[in-house]
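Enquirer: Residue numbers (the working numbering), protein chains in the order written: chain A, 195 to 338; chain B, 22 to 311.
The set of hints was computed from the structure by calculation and includes no laboratory data. Please note that the accuracy of each hint is not assured.
Unchecked claim - Covered stretches of chain A (chain B as the covering partner; in silico rule of three or more C-beta atoms under 8 angstroms from a C-beta of chain B):
no. : stretch
1   : 199-212
2   : 215-222
3   : 226-232
4   : 316-327
Values in this document were obtained by computation on a predicted structure and should not be read as measured data. The C-beta atom is built at its ideal place from N, Cα and C for all residues, glycine as well.
Given next are the chains, with one letter for each unit.
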Amino acid sequence: MREFWVRLVSMLAIVGVLLGYNSVLDARAKEDEIARLSAQVVGNGQSDSENGDSTNYKDGTYTGEADGFGGTIQVEVKIEKSKIAEINVVSAEKEDGAYLSMAKDIIPKIIDAQSADVDTISGATFSSTGIKNASEQALEKAVK
Amino acid sequence: MKKMDIHNLTAKDIKKLHVWLRALIQVLYFLFIPSVYTAAFAGVKYIFTQIGAGEKVSMTSFVTVLVVICIYTILFGRFFCGFACAFGTLGDGVHALYVWICKKIKKKPLQIADAWTEKLCYLKYIVLALISILCFAGVYSEAKGTSPWDVFSMLHAGNFKLGGYLVGLVLLVLIIAGMCFEERFFCRNFCPMGAVFSLLPVLPFFALHRDRENCIKGCKACTKKCPSNIGLPEDGSPKVEGDCFQCQKCIDTCPKGNIHTGVKGLCGNEFWFTILRAVILLMLLLWLGV
Chain A
195 MREFWVRLVS
205 MLAIVGVLLG
215 YNSVLDARAK
225 EDEIARLSAQ
235 VVGNGQSDSE
245 NGDSTNYKDG
255 TYTGEADGFG
265 GTIQVEVKIE
275 KSKIAEINVV
285 SAEKEDGAYL
295 SMAKDIIPKI
305 IDAQSADVDT
315 ISGATFSSTG
325 IKNASEQALE
335 KAVK
Chain B
22 MKKMDIHNLT
32 AKDIKKLHVW
42 LRALIQVLYF
52 LFIPSVYTAA
62 FAGVKYIFTQ
72 IGAGEKVSMT
82 SFVTVLVVIC
92 IYTILFGRFF
102 CGFACAFGTL
112 GDGVHALYVW
122 ICKKIKKKPL
132 QIADAWTEKL
142 CYLKYIVLAL
152 ISILCFAGVY
162 SEAKGTSPWD
172 VFSMLHAGNF
182 KLGGYLVGLV
192 LLVLIIAGMC
202 FEERFFCRNF
212 CPMGAVFSLL
222 PVLPFFALHR
232 DRENCIKGCK
242 ACTKKCPSNI
252 GLPEDGSPKV
262 EGDCFQCQKC
272 IDTCPKGNIH
282 TGVKGLCGNE
292 FWFTILRAVI
302 LLMLLLWLGV
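Chain A on its own, in the form it takes in the complex:
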């Protein structure tokens, strides 16, 4: 019986450490956010305008495809007001569920960067590379 309790306590300790670790990071992130916001209030006039768009895309919806893990991944990129507004994975039949949903984390990255030139998701390298390359192909079609 002792063995069981030792294992149980160790497991709970690991879970506890992970949760504690996360909450510390959360607290830190909050502090940083507050610091950033107050700096913004002080610096007042400097707005965080979204300028410097060197890339201009034609409005519309474009598709692109590329190799993922087990087969082809097809994506659809929506351009609105010359910007990447939305990226959807249209088909990824041979991709694995858990990996694909992990790989989709690359989509907000692409939208943030307004470019497909971003780092892939570690752990889901193949699927995210597929989404990245497919988006790149779609964006090529959208360049003015």
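Based on the hints, put chain B in the right spot on chain A.
Expert: Okay, now just chain B, sitting in the frame of chain A:
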């Protein structure tokens, strides 16, 4: 005498039924849900990578799979390993094929000596520690191409572009060679996910025990049959063997039917209990969208 014959026949039939049921479940999981093992282990790698980089550990799909499989294992024992893991099924298949070929050419199958296997089985903890450290140090992604699991997953998915995966491919071939000579060679000795499972506080309800007092003196049929060479704990003991894959071969091997789970009412209903566990696992995995 006649009665005895019929009795033997049914016991044999039950055994056969269990063998076919297990094979069926294994083949179905192998064909349709092969990536749970890699996804769950990707969860472990993700956790260490994030901590190493000082980033938050979020509930990504990998971590969710890891947590769910661990909870399932705590409840039901390592049923996942014995019935649903694609790599375990690969091992069983390769081993069965090797033994079958040996039988055909009338040669005795080679086996790894017990003295070796007893020590080899600690290697899985080293594999787990090594990969965790590499992830923590943030250099695991540079070791891409060395993972035999990636190669296996790629081949399974029909992706044969294995350029840059030479090391992984060689390791996979070595593992498959090992699988010939020892049942569950990989699971016992090298599987890092198995290392995690074998350290979990598995609840004793569905773990296997034996009524030792009722045993034939000196009989070791179950230990010999067991892929992990486990001498099962006695009845009433809360001990749970971390290396038991719940393959349940021992139950049918015991000449006296001494082996049963902690919950005695299940005795004789192992067939349905196996199906129940397979279905529960399937539901969980479908719910997770693996």
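Enquirer: Against each hint, give a clear statement of whether it holds in the structure.
Expert: Each hint tested on the structure:
1. 199-212: Holds: 6 residues of the stretch 199-212 of chain A have a Cβ under 8 angstroms from chain B.
2. 215-222: holds (count 4)
3. 226-232: violated (count 0)
4. 316-327: With 4 residues close enough to chain B, the hint holds.
Of the hints listed earlier, the one the structure fails to meet is number 3.
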